[in-house]
Amino acid sequence: MMESVIDVVLSGLILGGLYALIAVGLSLQYGVGRVLNVSHGEFIMLAALATFSLYTVAGIHPLLAVAVVAPLLFVIGFALDRTIFNDLRRTSIDQDHFEGRSLLVSFGLLFVIQNVMLSFWGAGLRGYSILNTPVTILGHRYGLNRVIALVVAVTASVAFYLFIRHTRLGKAIRAAAERPDMAEALGVNRRRVLAICFGLGAGLAGLAGALYSMMFDIQASRGIELTVIAIVVVVVGGLGSITGSLIGGFLLGLVIALVNFIEPSLSLVAFYLIFVLVLLIRPSGILGRQIHAD
Amino acid sequence: MLISTILREEKPALVAIPVSIVALAFAPSVVPESIGISLITVLMFAILALSWTMFSGPTGFVSLATAGLFGVGVYVSAILRDFLPIEVLILIGGAVASLLALAIGMLTLRLKGVYFILFTFGVASLIRSSVAWWETNVNGTVGRHVSGASNEVIYLLLLIIFAVALVGGFLLRHSSPGLALQAIGENQEAAEHIGVNITKLKVLTFAASSALMGMTGAVMATRFRYVDPSIAFNPLFSFLPVVMAILGGLSRLYGPLIGVTILVVLQEFLIREYPYVYLLIFGLTLVAVVLWLPGGLVELTQRLYIRLKIQWIKMRMRITRFRRIRQADRR
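Same order as they appear, the protein sequences are chains X and E. Going letter by letter, the first sequence gives residues 168 to 461 in our numbering. Going letter by letter, the second sequence gives residues 57 to 387 in our numbering.
It is worth saying that the hints were derived from the structure and are not from the lab. Since we're looking at a predicted model, the values are computed, not measured. Every residue gets a Cβ at the ideal spot worked out from N, C-alpha and C, and that includes glycine. Fair warning: there could be bad hints in the mix.
Quick look at which bits of chain X chain E covers, simulated, 3 or more residues with Cβ under 8 Å [as the list claims (entries may be wrong)]: (1) 428-436; (2) 439-448.
Over 10 Å on every C-beta distance to chain E, these chain X residues come out as not near it, computed from the model [to be verified]: (3) 170; (4) 172; (5) 231; (6) 238; (7) 277; (8) 279; (9) 296; (10) 327; (11) 351; (12) 352; (13) 355; (14) 384; (15) 391; (16) 421; (17) 424.
Derived coverage of chain E by chain X (criterion: at least 3 residues anywhere in the stretch with Cβ under 8 Å from a Cβ of chain X; other residues may be distant) [said to hold, decoys possible]: (18) 179-187; (19) 328-336.
Start from the sequences and build out the full structure, keeping to the hints where you can.
The following block contains the structure:
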């Protein structure tokens, strides 16, 4: 009994770390820029496929490839916000109008990115094995790559949290999220901050994608599954709350690990059930709408 | 709205609706068979886009539950096909879909904006994954074979549902409930203050339009012949009608139909050989329309029409001025 509890908790934490990392970028993009970017999973998959190609073609280690892939995605995200979403923000009547329109545009981006990937990499399953020597934790064996992914995910999340909480840019981001007009009056260049946020969200997707490719087989059409995971985590944690999405990620990881332990075939059903129930019972999620931690 | 006003103001529509339905009824016997099969796809998406627009157009609540409601109809038909005639299946499919929509509608009253969009998407995915789980773990199958119906029968049935959707959409636009829906879309609080029963109206419209989606699903099951959850609940059934409707324009009844025709023609040309290109174009269209053409093609043609008219008036003014000068010269 104790053994299985430990097993469920550990695999829940590993899953949760990945969920949190997948979700935190989306959370940032929605929390500050109010763009519910449903093409987030596509960004992750793009990074995963790029990492795969860098490793199999050029022989670059995935943990090094991150240094190329993540900045590249940052640039793509930054440019997208500067052009498309900035335009939308300018021409929308109010916040709700903008959110609806940007959601539709990101659905469009989903199809664009997905089909660019499909034409480039094809529809097949891709994968490589690296660092998959088993390590033993508390008497249970896990792949080294999963443990590394968990460590990187937690480190990145904590680093990001500290960045948002303590640096000058982080404070500007929080200010722009909470009181846009006031932040602007105090000299925050809101357009730039928003573009940086969207870029950071995409960059975090890049990091998540590189790690994801180390752990699972990847496929160009699977991005949407990741988007759904990210959205569920973000909604559970509270739309727009970064701390919430970290907590939500681990919470959901534990729940899914538990469901996997009891009845693996129900995990997808459980996933959507949690999503729908959270939206119904507490649409604001665990931590409500806030960008900082209290 | 009074019948006399409809008669006075909507003469083109009163002619166009019956004429287009009669024309579509005779189309399969005139055009080659391959186009006749494409017409089935056109009708299917036309019904989905029209019924999506009935609720989401005026209210601005973007629903992504279409795949779920359509898929429920498909499954009703797939399960009961061997026991009941197809006409009855259509009615049951419609009824089940509208009951489901009724439940969704009642549950989502508090949700606004992105929460509503996410919820409808979540419900459609929940139904899909639940059906998939049920089929594999309880029935021990992935998909089901459905005994097919002939293309003529499928076409005729879809045409009848399409006619209902078209007339229903027309009546909705010209009735007080339709105007009240419009009011909800523009300002929900204000609509409530002038006495619109928001809850009832939204839920009933959603349920009624969903019945059409379920009915279409029930017919299409006999066209697919083999269904599994990834076919019946394909998320594209949620997305395509939305993009088609927005591309055409929501402000007119015929707007979505324009979008449907364009994208289905594009699909028929591209999907076999270049499926990725088709969906790429589809995505770019969505981005471009939301960014630059919020009113869709309907608005674009109206703008062009007005510009042409202004040019025409200017030209006539120039001609009259020219004539006057010439007459003055002669004198």
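Check: Can you list which hints this structure breaks, lowest number first?
Finding: Of the numbered hints given earlier, those the structure breaks are 7, 8 and 15, listed in rising order.
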